[in-house]
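Based on the provided sequences and hints, a complete structural model is requested.
The opening position of the sequence shown corresponds to residue 116 in the working numbering, with each subsequent residue numbered one higher.
Among the hints, a few may not be true.
Claimed, not checked - Restraint-style ranges between C-beta atoms, simulated for each label pair: (1) 495 - 440: 45 to 55 Å; (2) 341 - 558: 15 to 25 Å; (3) 323 - 211: 39 to 49 Å; (4) 155 - 577: 47 to 57 Å; (5) 260 - 539: 51 to 61 Å; (6) 330 - 582: 49 to 59 Å; (7) 484 - 222: 17 to 27 Å; (8) 497 - 582: 22 to 32 Å; (9) 511 - 333: 37 to 47 Å.
Keep in mind that the hints were calculated from the coordinates and are not lab data. Heads up, the beta-carbon is just placed ideally off N, CA and C, and yes, glycines get one too.
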Amino acid sequence: MTRATHSRDKGVHPNILLIVSDQHRLDCVGRSDDYPVSTPNLDALAAGGAWFNSAYTPIPLCTPARQSLLTGRRPEATGGLWNYDLGSRIPALDPASYSWPRELHNIGYRSQYVGKWHVHPDHDPTVFGYDSYVPLEAYDAWRAERYPDSPISADWFGEIDPVPTVDSRTHWLADQTAAFITESSQTAGPWHARLDFLEPHLPCQPTEEFAARYPVASIPEWRDFADPLVNKPYIQRQQLINWGVENYAWEDWAPIVARYYAVIAQMDDAIGSVLRAIEAAGVADDTLVIYTTDHGDMGGSHRMMDKHYVMYDNVVRVPLIMRWPARIAANSVVDSFAYNTLDLPPTITAITGIPSPTAPHGASLFETTSAELSPSIESSLREHVVSTYNGQQFGLFTQRMIRTHAWKYIWNLTDVDELYDLGSDPNEFVNRIADDGCADLLANLRSRLYEQLIKDGDSIVSNDWMARQLGEGRKMATRNAPSDDNLLEEIGRG
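Spelled out as structure tokens, the structure:
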């Protein structure tokens, strides 16, 4: 029995290609029709399947987001609060924890993991269910032997990679995945390939071929670049100083953004080679292809670097694309809220019939009872999404965000909160937290956030002090120090 025939007969056992990038903003996919980044292969993938307009990461940080993608549970519920390689060394994720790749292995899927892992400091993907693993270090060793005189530095602001594109990291990793797909498609039984790019995480290091496509003079200023950061948490201005960018004008940022565009285009080109391998193997109709990222990137938006200590849409709103020609209608657009790393595990388990995560915090994105998948009722009825952050790198700073289609509220436990009217202020410049006219709305969002955190087992609200701060709005409304006489009035406004 050929692989293609097997999948059509069984229906619930498609091949699965999961591609995960690192720090890819939603507005930097060509399909978003926003900024001038060329991603023809991702665009074609979206045209052939489902494009999610409102997908969000549950946490804008690499390790915990990737742990959630394996388990289907929020990092606060499993203890995975931080990146383990920035001082804590807390692995957080028990190797015996639920892992959907392990469940796929148990029903006969052949699997391979290629690229960035960053889930556990001591255990690689084979411990969590993958048959084989090609780490980033394998490319580093190959490159050092092939190009001993072409090193690239670790300058966080990026540079040009001197090697030919065909020998760049993006394309080498893609080649490993394409080879696995070609070989596995010639055997009976389904396969699962996961390809994790390090790109476009800073430092962005595109090859000259792709850097030349984005001359600095052609890079438009981010719409949310010139944020005065008025009445925002202290840490946002401090971040500018931490990175040394407090005096950067757009002409300083433009070369950095140009390299970000270029390396995204380069990654897209590498993805194209993997998709062509699926076509060449004759299994495109029988393969579920998923593209997403762990979280976004500031990259100069609000004048900031990287992703820490903020909940702007630049870092929490992410691309999510799913294509399965046999079951997902082409040109599908899903506007309802989705969690990329919480909803994908229950979606995959619903499709394949493998055991689901224990008490998952996400829901299947599709109803699977008909020949053509349709958006699930549970995920379609979501009225908000919640994202979290627990600090690290430059010090701890705990945040919880709730976002509806119209408003965003951010609970900053040790500084002023944030409230943005996304309809009139899509760039999130004006913090409305001290606006008396928003008092009822704010109380409602705080209540909804509290209920969601309780439901999901977030221990940050398990003590009376924090429960009162959020539930009763016992927060300072501004960073101005009030006198003792009007302190209670100030708290009441918050």
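(message) If I claimed the Cβ atoms of residue 341 and residue 558 lie 15 to 25 Å apart, would that claim hold in this structure?
(response) Because 32 Å falls outside the window, the suggested range is violated.
(message) Taking 17 to 27 Å as the stated bounds, is the beta-carbon spacing between residue 484 and residue 222 within them?
(response) At 20 Å between Cβs, range holds.
(request) Evaluate the given range 49 to 59 Å for the C-beta pair formed by residue 330 and residue 582. (result) Because 53 Å falls inside the window, the suggested range holds.
(request) Using the Cβ atoms, figure out if residue 155 sits within 47 to 57 Å of residue 577. (result) Holds, since residue 155 and residue 577 (Cβ atoms, about 48 Å apart) stay within the stated range.
(request) Could you say whether the range 22 to 32 Å given as a hint is met by the Cβ separation of residue 497 and residue 582? (result) Between residue 497 and residue 582, where Cβ atoms are some 24 Å apart, the hint holds.
(request) Starting from the range 45 to 55 Å, see whether the pair residue 495 and residue 440 falls in it by beta-carbon distance. (result) The hint (45 to 55 Å, Cβ to Cβ) is violated, given that residue 495 and residue 440 are roughly 23 Å apart.
(message) I want to verify a distance hint. Is the separation of the beta carbons of residue 260 and residue 539 within 51 to 61 Å?
(response) About 57 Å separates the Cβ atoms of residue 260 and residue 539, which means 51 to 61 Å holds.
(message) Given the hint of 37 to 47 Å, is the C-beta distance from residue 511 to residue 333 inside that range or not?
(response) The hinted range 37 to 47 Å holds for residue 511 and residue 333, with Cβ atoms some 40 Å apart.
(request) Take a look at whether the Cβ-Cβ distance between residue 323 and residue 211 falls inside 39 to 49 Å. (result) With a Cβ separation near 47 Å, residue 323 and residue 211 satisfy 39 to 49 Å, so the hint holds.
The structure shown violates the earlier hints numbered 1, 2.
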